[in-house]
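Undergrad: Chain by chain, the residues:
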Amino acid sequence: MKTIAALLMLAAPMAAQAQETGSLVRFVACPTYRDADSGRKSGCWLADDRATGRRWDVSLSPYKPDWNFAVLVEGRVTDAKPDACGAPVLDPVRTSRLLDQPCVRHMLPAEGYPGRRYKLQGRYIDPLSVPRAVPPGPYAERTFPVYFEFDNDFLIYQYDDYLLDKAVTWIRAAKPKKLVVTGFAATVPEMVSGQRIAERPEVARERAETIAETLRRLVEVPVEVKWQAGSQPTAEPDADRLPGQSQRRAEIRALF
Amino acid sequence: MRVPVRRLLLPLAALCAFAAAGARGDGYDRWWEPGEGRTFPVQLDYPNDQGTLRLLLTGGPLETKGHPFFEPLGPNGRACITCHQPADSMSLSAQTARERWDTTQGEDPLFAASDGSNCPTLPQGDRASHSLLLKRGLFRIQLPWPTREWNGKPIVPDFRIEVVRDPNGCNSGPKYGPAAGNLSVYRRPRPLANMKYLLAVGFPFDPKQGYALPLDPDTHKPMSGNLMADNRTGNLRLQMEDASSTHLAFARRLTREQIDRITDFEMRIFAAQQTSNRGGAVDTLGARGGPAKLRDSEPGQLGSIGEPVWSEFAAWEHIPPADAARLKPEELAFRQSVARGAKVFRDKTFLITDSAGINSRIGFGNPVRNSCVFCHNMTQMGNDVAPGQVDLGTTTMPFADPMPDLPLFRITCLKAPHPHYGRVFYTMDPGFGLTSGRCADVGKITLQSMRGLSARAPYFSNGLAKDLRGVVDYYDRRYNIGYTEQEKQDLVNLMSVL
Chain A
1 MKTIAALLML AAPMAAQAQE TGSLVRFVAC PTYRDADSGR KSGCWLADDR
51 ATGRRWDVSL SPYKPDWNFA VLVEGRVTDA KPDACGAPVL DPVRTSRLLD
101 QPCVRHMLPA EGYPGRRYKL QGRYIDPLSV PRAVPPGPYA ERTFPVYFEF
151 DNDFLIYQYD DYLLDKAVTW IRAAKPKKLV VTGFAATVPE MVSGQRIAER
201 PEVARERAET IAETLRRLVE VPVEVKWQAG SQPTAEPDAD RLPGQSQRRA
251 EIRALF
Chain B
1 MRVPVRRLLL PLAALCAFAA AGARGDGYDR WWEPGEGRTF PVQLDYPNDQ
51 GTLRLLLTGG PLETKGHPFF EPLGPNGRAC ITCHQPADSM SLSAQTARER
101 WDTTQGEDPL FAASDGSNCP TLPQGDRASH SLLLKRGLFR IQLPWPTREW
151 NGKPIVPDFR IEVVRDPNGC NSGPKYGPAA GNLSVYRRPR PLANMKYLLA
201 VGFPFDPKQG YALPLDPDTH KPMSGNLMAD NRTGNLRLQM EDASSTHLAF
251 ARRLTREQID RITDFEMRIF AAQQTSNRGG AVDTLGARGG PAKLRDSEPG
301 QLGSIGEPVW SEFAAWEHIP PADAARLKPE ELAFRQSVAR GAKVFRDKTF
351 LITDSAGINS RIGFGNPVRN SCVFCHNMTQ MGNDVAPGQV DLGTTTMPFA
401 DPMPDLPLFR ITCLKAPHPH YGRVFYTMDP GFGLTSGRCA DVGKITLQSM
451 RGLSARAPYF SNGLAKDLRG VVDYYDRRYN IGYTEQEKQD LVNLMSVL
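As they're listed, the protein sequences go chains A and B. Anchor point for the first sequence: position 85 equals 85 in this note's numbering, and the numbering is continuous, going up by one each time. Anchor point for the second sequence: position 59 equals 59 in this note's numbering, and the numbering is continuous, going up by one each time.
Please keep in mind that the hints were generated in silico from the structure rather than gathered at the bench. Take the hints with a grain of salt, since some may be wrong.
Unchecked claim - Far from chain B, by Cβ distances over 10 Å, these chain A residues were calculated:
1. T21
2. S42
3. K64
4. A80
5. A133
6. P138
7. D153
8. K178
9. P222
Unchecked claim - Pulled a few chain B residues facing chain A out of the computed Cβ check, cut under 8 Å:
10. G74
11. N76
12. G286
13. P367
14. S371
15. A465
Keep in mind it's a predicted model, so treat the numbers as computed, not measured. Note that CB positions come from ideal geometry on N, CA and C, so glycine has one too.
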């Protein structure tokens, strides 16, 4: 029941009443870098939704834009004040680089906005010198999802490494007989900012093989690879209530 | 038996060179001849232009007689020690190469045709045929093309290489160049000291490549990825086999005993600048520079969550008046400058743009604001805790300086364009791209070690910067940093004491 409610929430209409707190926005835009300076990694990323004319602060994306390329923005509206970067804040938010859509690079001065001072928080892993806590048993079949940017199989720093580290710690303790990695791709076309967008079917296989290769380097358990197009959203918490993010995933299933 | 006249002249030339080398303080002892059988002491000091380099050997003195690092193994008379000289912080400076040429009239095995000359096809007696080694400290590195994995497995590259410029003739002709199944690039020898840091693994993932770290084929443990400029070998055994078969022309495989003895020596040797001509000893008045701290510290620590990078010199930020009064004014000023340089290194941020390995594929953003320690992040060492393959542009156009004496290659990406250079671009050394076979990796060069810099100019993998100021100036124009003159000098002074 809880899962159904969560899925209904994810599927709520986006565009019409999309500006209310918690609502989902999704658009394609050329990103703008605001050169705010509160130390390392403190600059701002802004993106304008052409349909609504609104500018959003998308800086909290774990995978940040490249100012030479458009981004697919997916995020939820917050009620945070636009103090840091000069625009209302999307959080959670994702910015997938669309490398086939070049942009004119554009940088704004800080204009008095401080950006955000970087601090290590959220999804990060400890050095290898820090022992991982052994997850308690009993151990049974379990699935671990990891997530990707649009049409991309690259492991996202301070997101996927965190999810994989947790999964690997559990796998090392649980000692399953086999791991089955299934890659998914969101191949059903959707209209976003007047563009028809869909992931390549082959990215499902690329995701599965990327995760499988990484697992082979980390655990001594046989790994089988599968892939599947036409991915549907899930309500897994680490997708951060972003349907598009939940579709772009690979799943590690531990079998005993 | 006919003895070449040039050989008879060698002793005289050596005497002349001895006088010249006296400027660096120690004449004959400075050069370690392969097979000479000297004892390697537990402490060894060598003067250089900035002060004194100190080498520390743990575990007691080493008899080098018969030791595979010090003995010539192949027919060309070279040993590992030839290109990894103690006085040059276990690397080789261009100045030492020039001195060696003058001493031996180019007869030293250092100038072997295979890689100590611009190309074996050139007349080997001519100084000009060795100009890249003498001017830039570069050795020719011939690599198979298309590339192969460490175990010989072929890799299908996703880019095409064409030779645009071949000033030395080693990338064209019947024996050389992509059409002949090989490629020649020119690189500086990396220092074989402080190895525990270069082999240290801090985290299980390579965030730049988006995978868990590759596993050592011998130990099945993760590899650091910080040994070679193009990361073509990930452990010391593979590096030794690569070097012995190419640089030493050793036709057989190294024995397990030889590998173990070389490894033992390389893991025991630590090198860093110990004194500065202008600032005195670098481990006084609370500072903790020099090799002893390196020897005694735990490797692989990330400065941002532990001991900040170059905090060895933090005590010189505020030297108490009583201590300051005992220093000469110029010594005090120099030490304060070093401390400021460490802060500039850590804290002065700038926009890093269009650098693969930083701005792509990893998601820091392009641009991203950060400082030198973003990449030079390992405490005490300044190399990258993660595998350090990054494209600063030092070998690739348009960022690289013109270097008309180096070859130029046109790269055409056959699948996705390079994220910053596009479909077609030009490089003097594809770097890590030659190892991975991926267009997105072309131009990436593993971060350099930052210790013992004063002993081993020039800098960057292709010798682009002739001195430490050249390093700072390159970064300043590459990333439009806008260092003040004071900041530049502070950074130079810092690097001169590492």
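Undergrad: Does the claim that A/D153 lies outside the interface with chain B hold up, using a Cβ gap greater than 10 Å?
TA: Its Cβ does come within 10 Å of chain B, the nearest being 8 Å, so this is violated.
Undergrad: Does the claim that A/P222 lies off the interface hold, with its Cβ farther than 10 Å from every Cβ of chain B?
TA: 16 Å, holds
Undergrad: When the nearest CB of chain A is found for B/G74, is that gap smaller than 8 Å?
TA: This hint is violated: B/G74 lies away from chain A, its Cβ roughly 35 Å from the closest one there, beyond 8 Å.
Undergrad: Would you assess whether A/T21, listed as outside the interface, keeps its beta-carbon beyond 10 Å of every beta-carbon in chain B?
TA: 26 Å, holds
Undergrad: Interface hint check: B/G286, Cβ to nearest Cβ on chain A, cutoff 8 Å. Holds or violated?
TA: 26 Å, violated
Undergrad: Going by Cβ atoms, does A/K64 stay more than 10 Å from chain B at every point?
TA: Violated, since 3 Å does not exceed 10 Å.
Undergrad: A closest beta-carbon separation below 8 Å is what the hint needs, so does B/N76 meet it against chain A?
TA: At 38 Å from the nearest chain A Cβ, B/N76 fails the 8 Å test, so the hint is violated.
Undergrad: Taking the closest pair, is the beta carbon of A/A80 still more than 10 Å from chain B?
TA: Given that every Cβ of chain B is farther than 10 Å from that of A/A80, nearest at about 20 Å, it holds.
Undergrad: Taking the shortest Cβ-to-Cβ distance between A/S42 and chain B, state whether it exceeds 10 Å.
TA: 6 Å, violated
Undergrad: Does A/K178 sit more than 10 Å from chain B, CB to CB?
TA: 19 Å, holds
Undergrad: At a threshold of 8 Å, is the proposed contact between B/P367 and chain A supported by beta-carbon distances?
TA: With a closest approach of 6 Å, the B/P367 hint holds.
Undergrad: So, B/A465 near chain A? Judge it on the closest CB pair being under 8 Å.
TA: 25 Å, violated
The structure is inconsistent with the numbered hints 2, 3, 7, 10, 11, 12, 15, although it conforms to all the rest.
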